[in-house]
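Hints in hand, dock the two standalone chains.
Quick note, the sequences are listed as chains P and V, same order.
Heads up, the first sequence is in this note's numbering, so the first residue is 3 and it goes up one at a time.
Heads up, the second sequence is in this note's numbering, so the first residue is 186 and it goes up one at a time.
Keep in mind the hints are simulated off the structure, nothing from the lab.
From the three backbone atoms N, C-alpha and C, an ideal C-beta is built for every residue, glycine too.
Heads up, some of the hints might be wrong.
What the hints assert, rightly or not - Only some residues are given here: those of chain V computed to face chain P with a beta carbon under 7 Å: (1) K201; (2) S217; (3) D221; (4) V223; (5) Y224; (6) L227; (7) E244.
Said to hold, decoys possible - Listed next, the stretches of chain P that the computed footprint assigns to chain V, with coverage defined by at least 3 CB atoms under 8 Å from CB atoms of chain V: (8) 294-304; (9) 315-321.
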Amino acid sequence: MKRTPLYQVHKTCNAKFTEFGGWEMPLQYTSIVKEHLAVRATVGLFDLSHMGEFEVRGPGANAFVQKLSTNDVGRLTDGRVLYTLFCNEAGGIIDDLLIYRYTDNRYMLVVNAANIEKDLAWIRSHNDTDAKIKDVSEDTALIALQGPKAIDILNPFVPELDVSEISFFRFVVGEVAGIRTVISRTGYTGEIGFELYVDANNAENLWEALYPAVIETEGQPVGLGARDTLRLEAGLRLYGVDMNDDTNPYQVGLGKFVKSKNRQFIGKNALLRERKKGITKQMIGFQMLDRAVARTGYAVYQDGEQIGEVTSGAPSPTLKCNIGFAIVTSQTISENNRIDVEIRSRMHPAKIVTVPFI
Amino acid sequence: MIPQELKYMESHEWAKQEDDIVTIGISDYAQSEIQDIVYVELPEVGTELTQKTEFGVIESVKAAFDLYAPVSGEVIEVNESLLDAPEQVNESPYDDGWFLKIRITDPSELDALLDADSYQAHIEAEHA
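Chain V on its own, in the form it takes in the complex (with noise of 0.2 Å):
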């Protein structure tokens, strides 16, 4: 269910690193849990994100939650798809509902990040 390949925040985010490309969204886990989704709002592109500080938010129909940069960079495209259709978060975490591609700085952030086995550990603990 958690893919090997990402790597993740405690606050639910993946990164998907490409090059000095990385895309962000939010686990399977973190979509179950928040469930039905019915608003995204992000940032434009051209917006420096700073790791671990907010860049977006997503709504569900009971309440906002904020969203985390996993990465320091340049925003270099937006899911415009996500305004109209939110809903594809929930459908599909992983591909179809990413949020940004960022253009990273500093390669060794992610080593900072989880990776699948401890993401898999923490959302236990989270749960027990």
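Here chain P stands alone, though its shape is the one from the complex (with noise of 0.2 Å):
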């Protein structure tokens, strides 16, 4: 398994660890729930050096992203990020990632761990233009910053400007302790925060610079059990769980990061002959309403007939029940929000909640 620059620091750290998408990360350090907490209620630091990164420079970078990207590329200006994803000819979904546009010449795509070497050879086998692909992932380390208390505490550390004046969705390169960072406002926890790339040489500098003041913030070292559940929360899909190459972004709720009009992508034919046919599968929020926790792959019924598949389930620390989004078929849920989870054989009540659940 690969382990990221910060390895023996989780070590140090006590982390639980666990394999996710080919590599050795911390699960948890304390306990998944007061780590949940903590980011909710003041700051939470997360390693996620795992992510992969690739650069995309030279003439023509700007009209490549393009023709990949479902999300129009198009409007991005300097300094800001993107979420899209890029879809096959068939319109599933390969990833989900962010753009950064640093100029029109110049991009960071920013991709799902498991996804690196795949994403890597479709984007290579679809370059036909003279911008540089390099996959940067193995010197490059990400260290998040989230939770309410986020911009007090770096702003310390950051001399040279105001973080709060970093908007949504934007960012600066600068320096953070003395240490040249990507600082971008953006975050997989619903709440305000920043993800920090920097070399991979210094990401035990920065998270030992960091540590402290989340510690004294009353934060706490947040490990992947914790940012699932928070993901959950806000509502937001994880790709390999939520959807995969056979899915469309339709069937996921992700359709408005699908922009069709005036531009080209791949899987642009058949995501539109896809909401033309009309969309037979869609994404639901729902909410247990017993003590029983739904889970990836349990069957979702209603009025006796099963409509469809849990893709993620678990306990919300923050509403103290148990959540998840399925996939289920798209004409049956109109009336009725009422639907039950098979577990274990046994039917448990559920309702359709609106998505994010926070």
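Below, the structure written as structure tokens:
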């Protein structure tokens, strides 16, 4: 299994580890619930160095990323970030990712750890421009600071600017604790926060600089366990669980990130056909009405008929009930918001609720 | 940390015998590994359990874990308080966090379980 540059730091913090997408990552340091609630109340510090980063540089970079992206990269100006999808010709989702625009000729793509090889092969095989693609995942560490206190904690380390002035989905290249950092106002928790990209050699220094301030603010280091419950509460999909190469954006509620007007991209024709045909499956959020926990793969029923399957499910530490996403047949859910989830051969009641959950 | 008077399974359930009644729970080691227990599913009073077969489920935030019966017998009491307060299993695995009381049919089944020292050795081997 691969390890991030912060592996030893996690060991020192007594992390319990888990395998995720070929990486040995911290699952939790103290407790998933405590870490989750710390992010909601104050702040959490995350090692996300397993994520993949690609640089796309040179003439044609703009046209090239446009061609791959369902969302409109043309809407980006320098210093802005875009959430988007790469789809295959059939409209299936290859990955969901962030695109950072430095300039017209320079972009950074941030992709899911488990998809690095797949994405790289896809991108390289479709490059018909002079743009150069470089996988910088190994050289790049990613540390996230997420929670209502994130701005207060980060600011003293960034003398040259006030980080509260970095708007949502924007980034600046600056220094954090004297370390050259891409300071990105993004996250996967539903809280205010930053994702900090640094050279892998500086990962430990940045973590050690921020850690005491995080602890002093009653924050915590946070593992992938709480990252999963945080993103679920915030209504954010997880690639490989909620979607894969065979699901299209409309089936998982990501249709708003498909911008087809006046532009071409791979998968466009298939997605237009899908939309014309009418959406037969869709993603819903649900809340269990008893204490049972719905998990990935459990069958979802309405009025005794199976209508779909749970994709993500977990207890919500914030709401103190069990929540989840399911993909269900569209026509069934309009009239009635009561469903059942089959858990170990027994039906457990649930209701459809709006997403995000919090 | 590991109570000497109890018997254990390799799957981390404990059994406490008082005449023909055996109380069942999970060990402190198991609760600390599972953490954040949010749900416990237990059989009803009157259910017949068979040694080493599943009788229930506990769920943490992250995953579900099967529970195995350390001995065979009839369920005569269920710790109903766990339904509303499953965190008792984390807080008090050997006392308030017990699951079931069983009337056993074959006391010799207890001889097949681990004593405290063997269980300690088992944990250390599992953790190594």
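If any of the earlier hints don't hold here, list their numbers in rising order.
Checked against the structure, the hints that fail are numbers 1, 2 and 6, while the rest are satisfied.
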